[in-house]
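Novice: Residue-level listing of the chains:
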Amino acid sequence: MLLLAPVDVLNELLLRFFSADTVNYFIWPLIQIGLVVTLVALWVAYATYLERKISAFIQARLGPMRVGPWGLLQPIADGLKLLTKEDFIPEKADRWIFFFAPYIAVASAFIVFSVIPFGPDWAVIADVNIGLLLVLAVSSVGVLALILAGWSSNSKYALLGGLRSSAQMVSYEVAMGLSLIGALMFSRTLSLSGMVAAQGSDAIWYIVYQPAGFLIFLISGIAENNRAPFDLPEAESELVAGFHTEYSGMRWSLFFMAEYAAMVVVTAVATTVYLGGWYFPFVYRLEAAGYHNLYVLVSVLVFLVKASIILYIYFWLRWTLPRFRYDQLMDIGWKWLIPSALINIVLSTIAVFVVQALNGWRGMQTIEALDRGLNLTATGKGVMIAFGIAGLFITAVLLARINWRSRDFNLKTQRRNIRLVNVPKGKPARA
Amino acid sequence: MALVKTPKPTFAQKLKRFFMVDLLKGMGLTLKYNLGAIIDKDAVAGKGIYTEQYPKVRPDVAPRFHGAPRLNMDPETHDTLCIACNLCAIACPEDCIDVIAMDVEIVVAGKPRRKKVLDEFIFDTSRCMFCALCQEACPTSCLELTQDFELATYSRAGFVWNREMLEQGRETVKYTS
Chain A
455 MLLLAPVDVL NELLLRFFSA DTVNYFIWPL IQIGLVVTLV ALWVAYATYL
505 ERKISAFIQA RLGPMRVGPW GLLQPIADGL KLLTKEDFIP EKADRWIFFF
555 APYIAVASAF IVFSVIPFGP DWAVIADVNI GLLLVLAVSS VGVLALILAG
605 WSSNSKYALL GGLRSSAQMV SYEVAMGLSL IGALMFSRTL SLSGMVAAQG
655 SDAIWYIVYQ PAGFLIFLIS GIAENNRAPF DLPEAESELV AGFHTEYSGM
705 RWSLFFMAEY AAMVVVTAVA TTVYLGGWYF PFVYRLEAAG YHNLYVLVSV
755 LVFLVKASII LYIYFWLRWT LPRFRYDQLM DIGWKWLIPS ALINIVLSTI
805 AVFVVQALNG WRGMQTIEAL DRGLNLTATG KGVMIAFGIA GLFITAVLLA
855 RINWRSRDFN LKTQRRNIRL VNVPKGKPAR A
Chain B
1180 MALVKTPKPT FAQKLKRFFM VDLLKGMGLT LKYNLGAIID KDAVAGKGIY
1230 TEQYPKVRPD VAPRFHGAPR LNMDPETHDT LCIACNLCAI ACPEDCIDVI
1280 AMDVEIVVAG KPRRKKVLDE FIFDTSRCMF CALCQEACPT SCLELTQDFE
1330 LATYSRAGFV WNREMLEQGR ETVKYTS
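Chains A and B, in that order, give the protein sequences. In this note's numbering, each number is its position in the first sequence, counted from 1, plus 454. In this note's numbering, each number is its position in the second sequence, counted from 1, plus 1179.
Treat the hints as calculated values from the structure; they're not laboratory data. One should not assume that every hint holds.
Incomplete in silico selection of chain A near chain B, CB under 10 Å [what the hints assert, rightly or not]: (1) L469; (2) I508; (3) G517; (4) M519; (5) W770; (6) L771; (7) W773; (8) T774.
Subject to a maximum C-alpha distance of 20 Å in a straight line, what follows is the list of computed SDA-like cross-link-like pairs (lysine to any residue) [unchecked claim]: (9) B:K1211 <-> A:R772; (10) B:K1195 <-> A:F847; (11) B:K1211 <-> A:F847.
A quick note: this is a predicted structure, and the numbers were derived from the prediction, not measured. All C-beta atoms in this analysis are idealised placements derived from N, C-alpha and C, irrespective of residue type, glycine included.
Chain B with its partners taken away, still in its complex shape (with noise of 0.2 Å):
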């Protein structure tokens, strides 16, 4: 009479439900877990432990993950390796970037030239996207966007760095507990 026929169950799945193999199945695979915690296997592999200690561990980011910019420096001559080209600010659809040149006298080859040397480098973290056309477009591969990723500051003000803050870094505050 019923309308919907529920289909007997084979003698495979009767012997399944008889000795409650699903149930033992759910145990073993909690078990599993339990005991791959405790000896720490890879994570990866689907039987360690996934949660990062943040603060006290600094965890891996992605390799492609762009964070805080930060402007190069001659690793010898500490001089900036920016030319003032004003690439980045062209690049940027934010217009979150501006390069403020000046320009200076000097010298070649006994003449007078003039030449633009960066001034003052201002970067708007709070409108960037983290998009690294910026980081395209340097002729000097001077910008960089790092993997740092600790951007949040008190005032909306703190979001804007210069040159200074570009060149230096942010200081990250080191937990020991």
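Chain A on its own, in the form it takes in the complex (with noise of 0.2 Å):
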């Protein structure tokens, strides 16, 4: 408590000289806005270096060692190494938009946490009762730096990487907004604080309602943000580095932190809306003793944790499984991702209408209370965890039979598929 104690200064100092508006919504903002650049920005730097360790430990190596104890300086000195390197542009690069591109992927990438609730109080910087349309709309403007990039380097393998990214971002923009609807049915509103007090006054989070949303929403994620598996437009082996092949120094940092950082939204997005955001059922215990501060503080540090366990999950992906190549990467997304975003939208109407009829029949109670979100009794809850863990194996059932052709990704026996088509029936193919 005393080391919060400065906050309650600071505030009462501030009154003393500025009118408690200006105070309450321009000064503290201000502030709230520098602490979450810094932080996110220091968080950006330490994933580069917790992926670092993490590849190195899964492949039997140390990792970065020699920077500070562990190398935990690393980051600082990678960091000062692309400060000083040369901004190096091409010459026939368009060169304004060569300037600018990465600005717009970083810019696109933080701006989302202006959204994003660490912690209830003063741990969000804006509660905006459109959040999740905010976080989606802005993510998406990254494409569009990944676009520009590639075309104004005036190089093959960068315009290639560009296309590709952005083919790729189109088409799994589309599953991750569709999966995220089965969570709004039960938190209904698009508020992201509003999610996280739904999912607390309901005392559940909702992976345990929706399974396949979180899956179809982590997957997508994780196409979206161009990481391995998926990570194509950047495929060393043919692209050489893709969108950003041109780019040295600095600028080619602000691609590096600007993917990190959407990888950091998208982890905090999947935290608030399926993992319960900041909200853990022991933390609320400190409000109600009179810590407030200590509170904000616990649920903010929850948030980080359950963020840091998806984020972990990325990087464990990524040195486990082998790229895709081009076609099943699109297949992935649009004949697998986005039906069973569908058959997920479809299953969770149903199960929530399910769980409205029971209520009071035959004396059956289902539902508490509808203000802040859709809370259900036990058995409500039995039903709809029931419904979402049938809804995974309807859903894998239904997109295996739809999609019982293009499941063998086999092109060599595709290949002499088509060539059998036109032999004549008695004569002997060869293949």
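Both chains are sitting in their own frames, so use the hints and assemble them into the complex.
Specialist: Listed below in structure tokens is the structure:
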């Protein structure tokens, strides 16, 4: 508690010089923005460190060890190195677009943090009532940066990388948006803080109601961030480095930062929507005991831990799975994820309808309240969880039936079948 | 019509594919390695970290490894054990050893005798192939190939070791950070 006393002291000090409105709506938000930008930049920097460490551990190596204890100062050393490097612009590049593309990438990734609830009360910059919509809208502007970077570089590798990334991000954006609708049916609000409150008052995480939705969101989120196994836009073996082939120095590192910040955004949204955000069963007791600022701080910590777990899944997947082929990528996006997101919407609608229909049927009580999201009783939760788990299997079986012809990615047999189409019946066919 | 019949998957294979068993197996393997690296199990068992922090921590070389040569000395008198018999130079297939001896007059049981004493020992490590035949030939186990492996120098002449270097050994730089 003593640790957070300066916050109150500073508040009183500010109130002495400015009016209450100025302090509440201008100065404190500025402080919040500064804090969030600094902390997120730090988090992004250390995400690169963590990625290098985890990849090293998975490959039985040590990773960065020389700068500081356990290589902890490595991100700072990297940043200094990149700052001092030459900012090279190719002769035939489109200068201005080449200049500004990295800024668009970074801005679109960082603006999203303005609506993400890191914690209750003062730990969220702006509680917008269309928060989720804003997240999806702003983060999709990042595609523009990649296309511009690829186009303005005037290099075939960069252009191909940019085109690939635009196709990939556009196709996975659909699945990402659709997969969130299921969770919205339970929370009944688009405000991210409202979603956390809804999960808190229902005392459940929406991943339990929506396992399929969570999986679809995570997979399309990974694809959206151009991370392995969906890192086709920057496939080293084919495209050198993809859209940032021609970039160097700080401008290149801005793209790098944008990639990691976008990752953090997806993990933060996944945490807020599916893992209950900063909500944790016991932190409410701190608020009840009167430790308000400590309660906020612990909530932020809970949020960070949850987001880090999802971030770990990112790294884990990257160092386990090989890259998909381009046709496989498009298959997964259009033939599997988008239909399964649609099926998920239909199934959740049916589930919500069934729960509402069961309420009051033969004295059954399923719905507790409707004012802060859909609050269910134990019976209602059981029905919903059963629907969620059954939905996984129903989705998989349905899609396996629909896609049974395209399931086989073996190009060799496909080519052979195509060749054999016009062979006369009696003749022995040769492949 | 297909020439090569791809075998139809059995029910077990279908189930395996449906529950993505192979994917989960791969994830389990990487997780096992990651956890093994964090709790740092024995690397030989296949779960720990293999990397050696070389300049900081000196690696353990194999017991049969032959490295820098050394002329052993009597631990009490600090005289050389070498009797200048020239057997090592004869045994050397690369002809990289030169034993230079001098005759010294000594008195044994009242009679003057002449004895060969080591004057200079030249060992050309740039031509040495570390077969350790000289070590085998040495009757007094004076010449020995040690496990020291940092033999690089800045000049070609630096590879030729004289008696002093062979007896004292090279100075190894200790890395602290």
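Novice: Are the hints correct? Go through all of them and say.
Specialist: Results of checking the hints against the structure:
1. Using the Cβ-Cβ criterion of 10 Å, the hint placing L469 (chain A) at the interface with chain B is not satisfied: the shortest such distance is roughly 48 Å.
2. Look at I508 (chain A): its Cβ gets to within about 6 Å of chain B, closer than 10 Å, so that hint holds up.
3. Given the 10 Å rule on beta carbons, the hint for G517 (chain A) holds: about 9 Å separates it from the nearest Cβ of chain B.
4. The closest approach between the C-beta of M519 (chain A) and any C-beta of chain B is roughly 7 Å, which is under the 10 Å cut-off, so the hint is satisfied.
5. Hint on W770 (chain A) holds. Least Cβ distance to chain B is approximately 6 Å, under the 10 Å limit.
6. Proximity of L771 (chain A) to chain B holds as hinted, the smallest CB-CB distance being about 8 Å (cut-off 10 Å).
7. A hinted interface residue such as W773 (chain A) counts as satisfied when its beta carbon comes closer than 10 Å to some beta carbon of chain B; here the least separation is about 6 Å, so the hint holds.
8. Taking 10 Å as the C-beta cut-off, the interface hint given for T774 (chain A) holds, the closest approach to chain B being about 5 Å.
9. Proposed proximity of K1211 (chain B) and R772 (chain A) is supported: the alpha carbons are some 15 Å apart, at most 20 Å.
10. For the given pair, K1195 (chain B) sits about 14 Å from F847 (chain A) by alpha-carbon distance, which is consistent with the 20 Å threshold.
11. With a CA separation close to 28 Å, the supplied pair K1211 (chain B) and F847 (chain A) exceeds the 20 Å bound.
The structure fails to meet hints 1, 11 from the earlier list, while all remaining hints are met.
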